[in-house]
Amino acid sequence: MGESVITDEMRAIIGKPLGNSYVAGEVDRSSIQKFVTAVGDPNPLWTDEGYAKGTPMGGCMAPPTFVISISPQATLPNGHSPSEDLTAVPFEKPFKLGFSAGDEWEAFRPIRPGDVLTVTTVLGDLFEKQGRPGVGRMLFIRYDNTFRNQRNEVVAILRYTSVNFEGPTE
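In terms of numbering that gives the first Met the number 0, the sequence shown has 63 at position 64, counting the first letter as 1, and numbering is strictly consecutive.
If you are wondering where the hints come from, they were derived from the structure by calculation, not from laboratory data.
Each statement offered as a hint is correct.
Below are the DSS-like pairs computed for lysine-lysine, each with C-alpha atoms no more than 25 Å apart in a straight line: (1) LYS128 to LYS92; (2) LYS52 to LYS33; (3) LYS95 to LYS15; (4) LYS92 to LYS15; (5) LYS128 to LYS15; (6) LYS95 to LYS128.
Model the full structure from these sequences, guided by the hints.
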């Protein structure tokens with residue numbers, strides 16, 4: 000594969016925050032309704048208070064995947080992220096071509112209407128692989144987003160991985 004594109008300076012940033020935490024805002028019933036409609040999730044636990052009160056959850060909540068809609072990696076209609084500084088790594092990416100390489104989720108506590116969520120993003124990991132011919136070398140960047148409620152309780156962690164790749168070398 001040749002010389003690594005991951006420098007010592009890049010490695011030194013792993014585990015460090017990218018920008019400041021930001022308040023994603025208050026979760027409201029309307030946001031939850033829009034999200035579950037968009038993803039086609041008809042579970043009444045998300046939107047029917049009468050039903051939800053009779054469950055062990057004791058009331059409506061957002062689906063655990065709701066945090067993707069407010070994550071720093073979300074793309075708003077204007078083409079920007081809710082917090083550009085949380086997705087910008089403090090180094091120049093060696094390759095300009097890229098795309099999402101996947102997500103990993105952990106849910107710890109219910110997210111309820113009225114919760115105010117704050118997001119902190121750290122650079123979780125960097126690693127590289129050799130792609131097939133025409134793809135070339137690939138740099139994977141993992142962003143670890145921790146979502147906390149107004150009581151500073153961790154409600155979810157979203158690990159988002161992007162891949163940037165060399166492309167044709169001719």
